[in-house]
Structure formats: C-alpha cells, structure tokens
Amino acid sequence: MKDIEYILDFTVHLGREMLFAGANLERVNETMERVCKAYGLHEVSIFSLSSTISVSAKDADGDTKSRQVSVPGAAIHLDKLRRLYNVAHKICDETPSPDKLQDMLYESVMVPSYNKWIEMLGFLIAITTLCRIFGGRWQEVIVVALSTVIAFWISRPLARAKLNRIITNIINMFITTAIFFFTVWIGFTTEMMAMLTSMSLMFIPGVPLVNSMRNILCGNEMNGILELLKVILETLTICFGVFIAYMLFGRWYTW
Amino acid sequence: MVENIELIVLSFLASIGFAIVFQVRGKDLLVAGLGGAITRLFYIIFMAFIPYRILYAGLAAIVAAFYAELVASKKKTPATVFLYPSIIPLIPGDLIYYTMGGLVLSDTETFTRNGIDCLLALVGIAVGFVVASTITFYIRKFAFNKESH
Chain A
58 MKDIEYILDF TVHLGREMLF AGANLERVNE TMERVCKAYG LHEVSIFSLS STISVSAKDA
118 DGDTKSRQVS VPGAAIHLDK LRRLYNVAHK ICDETPSPDK LQDMLYESVM VPSYNKWIEM
178 LGFLIAITTL CRIFGGRWQE VIVVALSTVI AFWISRPLAR AKLNRIITNI INMFITTAIF
238 FFTVWIGFTT EMMAMLTSMS LMFIPGVPLV NSMRNILCGN EMNGILELLK VILETLTICF
298 GVFIAYMLFG RWYTW
Chain B
112 MVENIELIVL SFLASIGFAI VFQVRGKDLL VAGLGGAITR LFYIIFMAFI PYRILYAGLA
172 AIVAAFYAEL VASKKKTPAT VFLYPSIIPL IPGDLIYYTM GGLVLSDTET FTRNGIDCLL
232 ALVGIAVGFV VASTITFYIR KFAFNKESH
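Protein sequences appear in the order of chains A and B.
Just so you know, the first sequence maps onto residues 58 to 312 in the numbering used here.
Just so you know, the second sequence maps onto residues 112 to 260 in the numbering used here.
Honestly, the hints are just simulated from the structure, not real lab data.
One or more of the hints may lead you astray.
Straight-line Cα separation of at most 30 angstroms, DSSO-like style, residue types lysine-lysine; simulated pairs [stated by the list, open to error]: (1) A:Lys147 to B:Lys187; (2) B:Lys186 to A:Lys287; (3) A:Lys122 to A:Lys147; (4) B:Lys138 to A:Lys94; (5) A:Lys115 to B:Lys138; (6) A:Lys94 to A:Lys157; (7) A:Lys115 to A:Lys94; (8) A:Lys147 to B:Lys186; (9) A:Lys147 to A:Lys94.
Given the sequences, and given the hints that come with them, work out the whole structure.
Right, dumping it as structure tokens:
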C-alpha cells in the first residue's frame with residue numbers, strides 16, 4: 058500500500074471515531090485536514106456529514122486517492138474524544154511512519170467506559186438535581202430517581218437488542234409518565250412539570266440539538282438541518298410516549 | 112438569594128452527573144461541574160438585567176464557551192470536554208415542557224408560542240458559542256503570530 062493510502066485510511070477513521078464520540082463537525086474537518094497537510098498531501102478535499110465522511114487528496118507524486126466511511130450514530134464519550142484529539146496533535150507534530158497510524162488510532166480508541174452502576178449514578182445525579190432545579194420537592198425527586206433507575210434498566214437491553222431509539226424513547230416515556238400520573242393520583246406528588254421535564258432531558262439529545270443550530274449558523278447548513286430533523290423526530294417520540302400515557306391515564310391528572 | 116445559591120449548587124451537581132454520563136474522568140469531573148455552576152451564576156445575573164431569553168441565554172453561553180476554552184487550553188484537552196457538561200443549565204426545560212404539553216393537548220397556540228421561544232433560546236445559545244469560538248480563534252491566531260515573530 059502507498060503512504061497516501063495509509064494516511065487517508067487513518068484520516069477517515071479518525072474523523073469517524075471523533076464524530077462517533079460526539080465531536081463537532083467543523084473541528085473534525087479541521088483535524089482531518091491538518092493530518093493530511095502534516096504529511097505533505099495537497100488538494101485535500103473533505104466532504105462530511107454526521108453519517109458519512111469522504112476525503113480525497115493528492116501526494117507529491119501527483120497520485121490522487123480518496124476514501125469514504127459511514128459513521129454510526131453518535132454516542133458521546135468525551136474521554137475517548139480527548140484521546141483522539143491528543144493522538145491527532147501528536148501525529149501532526151511528529152509525523153510517524155504512515156503504516157503505524159492505524160495502530161496509534163486503535164490504541165486511543167480502546168478506552169474503557171464507566172461500568173453500568175457508575176453510569177446509572179451519573180444519570181441519577183443529573184436527573185434528580187434537574188428535578189429540583191425545575192421546582193420539584195423531595196417527593197418528586199424520589200419518584201424521578203425511581204423512574205430514572207427503571208428507564209436506565211429498560212434502555213440497556215433495548216440498546217443491546219439494537220432496537221430503534223424512537224421505540225426506546227416511546228417505551229421509556231410512556232412508562233415513566235404513567236408512574237408520574239399514578240403518583241399524582243395517589244397524592245404523593247404534585248409538580249408534574251418538574252418530573253416530566255427532568256425525565257425528558259434524559260432522552261432529549263440536548264447536545265446534538267445545540268450542535269445542529271451551531272452547524273446551521275457556521276455554514277454547515279445541510280448537516281445542521283439533518284441533525285435538527287433527527288433531534289426533532291426524537292423529541293416528538295418522547296411527546297408520543299407522554300401522549301399515550303395521557304390517553305390511558307390522563308384521568309389521574311389535569312394538565 | 113438562598114434560592115439562587117441552591118440553583119448554583121444544583122447546577123454544579125447536574126453538570127457532574129452529565130459529565131459522568133458523557134464519560135468524563137478524574138479531576139475533569141469537578142472542572143466540568145464548576146463550568147455548570149459558573150454558567151448558572153452568569154445566567155442568573157444576566158436574567159436579572161435583560162428581559163429577553165435569547166439574549167441572556169446567549170450571553171451565558173458565551174461565558175460557558177470561554178470557560179471551556181480557557182480550561183481546555185490550560186489542560187491541553189479539547190474544549191468540548193468541558194463545554195458539553197457546562198451548557199446543561201442553559202437547556203430551556205420549561206419551554207420544552209410547555210411545548211410538549213401544547214402538542215399532547217392539541218393546543219396549537221401554546222405549542223407554537225413555546226416552540227418558537229424554545230427555538231429562539233437555542234439560537235441564542237448557538238450564537239453565543241459561535242461568538243466565543245470565533246473570538247478565541249482570533250486570540251489564538253494573534254498569540255501564535257506574536258510568538259512566531
């Protein structure tokens with residue numbers, strides 16, 4: 058394989074891993090371009106969406122090559138993202154032999170994630186404190202904590218079964234909203250807004266929502282609009298879960 | 112006052128919680144939490160003086176982005192690591208709720224009004240990020256040029 062092929066292979070895979078870990082599109086493009094230029098490639102052309110990356114470049118011999126990869130849906134992993142940025146910087150500074158690039162990428166991608174209990178603790182801290190921020194009392198916080206645990210354990214097998222996120226959102230929001238209606242009905246809670254808002258933030262993709270707006274404003278309109286549509290669709294499914302619960306158990310609570 | 116302090120502490124905790132979910136590790140968790148607290152503090156201050164959500168949310172987003180850039184340059188990490196958890200206090204939860212309520216109850220007026228407000232708040236936050244990242248880009252460029260001369 059020629060050097061340019063190793064470099065382009067590395068570049069598109071680096072971009073894919075960065076997008077997958079939650080990086081902003083413009084930073085990913087900038088990083089891929091810097092890597093290509095560090096190795097003396099010119100006429101670098103990058104086309105990327107949140108689902109596809111395509112890179113082409115020309116080497117010193119005038120040989121042009123291109124690579125394209127698809128990107129799976131993002132799963133934010135900021136520690137992995139930090140390592141990927143660091144490896145990109147290191148490569149730009151030191152320009153190691155192109156055939157070693159894939160190994161360096163592999164090492165930086167192999168980052169352990171928190172175990173399920175710590176991850177659940179993270180959700181519990183985040184969602185219960187949001188519930189307090191939105192005006193929930195301790196009763197609401199307890200119910201939201203319980204619902205967070207339930208939603209967390211429901212989501213895991215559904216994610217493992219690779220069930221569409223839309224279905225997962227509907228199931229989760231239906232169950233948790235039904236719990237909220239029930240606790241209001243028995244008189245344990247009253248602040249539906251605090252419970253429902255904090256719980257929906259467990260599923261609303263807040264970061265992609267802001268990123269999509271940022272992309273639209275920064276000139277990546279196509280990607281921004283696609284991302285925004287995806288986020289709106291996911292948010293609508295959350296509403297749909299709430300709607301089904303309201304249809305079935307709405308008599309327990311006057312909205 | 113006490114309510115505001117409680118809000119700041121809660122924002123600190125919420126940002127730490129989301130930072131764990133986003134797989135931030137070690138001391139960076141506290142730094143991310145501090146970002147949430149600072150963002151909330153400025154959000155409260157701006158909200159007291161400015162009547163428009165798009166403006167005060169945008170200004171608080173600028174503070175969050177500057178904080179993330181500053182810490183990232185000190186720790187030699189990407190700003191995103193601190194930016195994502197720091198923006199949690201800015202998410203317009205109340206507007207999301209009312210928009211959702213309008214949709215569920217087929218109340219077009221509530222849905223439209225809150226939906227537009229929600230969108231404007233998000234535009235404000237996004238503009239805040241763009242402004243902050245543009246300014247830091249030029250500061251870095253200026254500093255780099257100064258160093259190389």
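A quick look at each hint next to the structure:
Between A:Lys147 and B:Lys187 the CA atoms are separated by roughly 12 angstroms; this keeps the pair inside 30 angstroms, and the hint holds. Between B:Lys186 and A:Lys287 the alpha-carbon distance is near 33 angstroms, which puts this suggested pair outside the 30 angstroms criterion. Restraint check: the Cα-Cα separation between A:Lys122 and A:Lys147 comes to about 24 angstroms, which is no more than 30 angstroms; the hinted pair holds. Taking the CA atoms of B:Lys138 and A:Lys94, the gap is near 34 angstroms; set against the 30 angstroms cutoff, the hint is violated.
A hinted pair counts as satisfied when its Cα atoms are at most 30 angstroms apart, and A:Lys115 with B:Lys138 does not qualify at roughly 43 angstroms. With a C-alpha separation of about 17 angstroms, the suggested pair A:Lys94 and A:Lys157 falls inside the 30 angstroms cut-off, and the hint holds. With a C-alpha separation of about 10 angstroms, the suggested pairing of A:Lys115 with A:Lys94 holds against the 30 angstroms cut-off. A distance of roughly 15 angstroms separates the Cα atoms of A:Lys147 and B:Lys186; the hinted pair therefore holds under the 30 angstroms criterion.
Pair hint A:Lys147 plus A:Lys94 holds up; C-alpha atoms about 14 angstroms apart against a cutoff of 30 angstroms.
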